[in-house]
Amino acid sequence: MFARNRSGNSQVLSTMKAKQKRYEALIHAFHADIYRYAYWLVKDQSVAEDIVQETFLRAWRSLDALNDEQAAKSWLITILRRENARRFERKQLETVDIEDVQVHDDTQQADADVSDRELHRMLGGLSDEYREPLVLQLLFGFSGEEIATQLGLNKNTVMTRLFRARNQLRETLERQGENRGRANG
Amino acid sequence: MDELEFRRRIYADPEATDKEVVAAAKADESKRKFWNEQLQFDKQLRKAAKVDVPDDLANRLIWQQSANEFARYQKRSRWYIALAASVAFTVGIGFTMWYHQPISIGGQALAHMQYAQIEESHSLLPVNLDMVNAKLASFGARFDEMIGDVEVVNFCHLSTVRSLHLIVDTPQGKMSVFIVPERNDIRVPSEFNDQQFHGESIKMQHANIMVVGSKEADLGEMKNIITQRIQFSA
Chain G
1 MFARNRSGNS QVLSTMKAKQ KRYEALIHAF HADIYRYAYW LVKDQSVAED IVQETFLRAW
61 RSLDALNDEQ AAKSWLITIL RRENARRFER KQLETVDIED VQVHDDTQQA DADVSDRELH
121 RMLGGLSDEY REPLVLQLLF GFSGEEIATQ LGLNKNTVMT RLFRARNQLR ETLERQGENR
181 GRANG
Chain V
1001 MDELEFRRRI YADPEATDKE VVAAAKADES KRKFWNEQLQ FDKQLRKAAK VDVPDDLANR
1061 LIWQQSANEF ARYQKRSRWY IALAASVAFT VGIGFTMWYH QPISIGGQAL AHMQYAQIEE
1121 SHSLLPVNLD MVNAKLASFG ARFDEMIGDV EVVNFCHLST VRSLHLIVDT PQGKMSVFIV
1181 PERNDIRVPS EFNDQQFHGE SIKMQHANIM VVGSKEADLG EMKNIITQRI QFSA
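Chains G and V supply the protein sequences, listed in that same order. Just so you know, the first sequence maps onto residues 1 to 185 in this note's numbering. Just so you know, the second sequence maps onto residues 1001 to 1234 in this note's numbering.
Incorrect hints may have been included.
What the hints assert, rightly or not - Heads up, simulated SDA-like pairs for lysine to any residue below, C-alpha to C-alpha not over 20 angstroms straight-line:
{"hint": "1", "chain 1": "V", "residue 1": "K1043", "chain 2": "G", "residue 2": "D33"}
{"hint": "2", "chain 1": "V", "residue 1": "K1043", "chain 2": "G", "residue 2": "R121"}
{"hint": "3", "chain 1": "V", "residue 1": "K1043", "chain 2": "G", "residue 2": "K19"}
{"hint": "4", "chain 1": "G", "residue 1": "K19", "chain 2": "V", "residue 2": "V1053"}
{"hint": "5", "chain 1": "V", "residue 1": "K1050", "chain 2": "G", "residue 2": "F140"}
{"hint": "6", "chain 1": "G", "residue 1": "K17", "chain 2": "V", "residue 2": "W1063"}
To be clear, the hints were calculated from the coordinates, so they are not data collected in a lab. Keep in mind that this is a model prediction, so the values were computed, not measured.
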């Protein structure tokens, strides 16, 4: 009876090991883009990290249900969005607006090329409803359809928002180009 | 496809591959240029979207899971201890209640009968009324008259109940008379029996009396005698 118990234990252990392995693989595969997505949701590094931690903790508990890559990705995104929403329910945390912090970065602009920083600031400046589908497309390569499913919107709405997001970015760029031209001239 | 629609499509998805978009681009140099620009811009956007990930985030995620699991494990252990404590507590309570449940005395009397046959008087003196009454006094009772040929009168314990056991020789064979105190935790069945003996009880004010005889014996007469001759002091 004890021998059987021991083999039962080692079975449990090896199952645990397999689960741990799967979990670590999941983290390595997705943590970076999930973190980035969180960052664009909340625009704050430490809050983003908190949400990502909570998201992956939940992933551990539901790991058995996460079969293929696509399912895992969209599951993680769903949980992350839920965690973020919960954060707002708990209390309206004060986050520093990215525009306030990085306004002076303009001075570091060396040439006509749009710098990463500038684009970063512009992305952060988009309204949430435009930024979120755009980030899903940029980070995860989701199609319009997939974004629609993920966000619970219809596809036309998503396509319109994507269009408006890029349109807004281009307009901002052009306006800046004009300003810079004027300043230089 | 007009210019505006083309821009809409490209803005919505610069990596679009549907035929209409491709055909429109092929047919129009300026559209092709716009598309290329947008693809270029998207590359930069994607780069910008890929913000730096904190060093070691992956390891921290793995670590926090282990820590969390450990904490849960500890909590679970505490839970087990709590359960064990509660089981022990319940067993304790249950045992106490079982211990205090009414004692059914009939079976005890029958068991006692097994060795009643070899039971001898603790006293060397012949049993007389005074001796019986002396012992009966502890039940607040006395016999007016002797109830027959009493051979033995001993205190005995039926389970935990101190009773007085009389062995009487009668024309129906030897019979045992048990005087059992009246207590809330004692249940005296009105009749009981096993393969060898059967017994009946008489419920009185301050005591129960059980008469036990062999299977074929008629206990009625002995019961009558006892009922008539026993007196309880108020």
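| message | Just to be careful, I want the Cα atoms of K1043 of chain V and K19 of chain G compared with a cutoff of 20 angstroms; is the pair within it? | response | Cα-Cα ~37 angstroms, so violated.
| Would the pair K1043 of chain V and R121 of chain G pass a check requiring their Cα atoms to be no farther apart than 20 angstroms? | holds (16 angstroms)
| said: Can you confirm whether the C-alpha distance between K17 of chain G and W1063 of chain V stays at or below 20 angstroms? | reply: holds (15 angstroms)
| said: Would the hint linking K1043 of chain V and D33 of chain G be met if the CA-CA limit is 20 angstroms? | reply: holds (16 angstroms)
| Does K19 of chain G pair with V1053 of chain V here, judged by a C-alpha cut-off of 20 angstroms? | violated (25 angstroms)
| field | Distance restraint between K1050 of chain V and F140 of chain G, which requires alpha-carbon spacing of 20 angstroms or less | value | Holds. K1050 of chain V to F140 of chain G sits at ~11 angstroms (cutoff 20 angstroms).
Hint compliance for this structure: hints 3, 4 are not met, and every other hint is.
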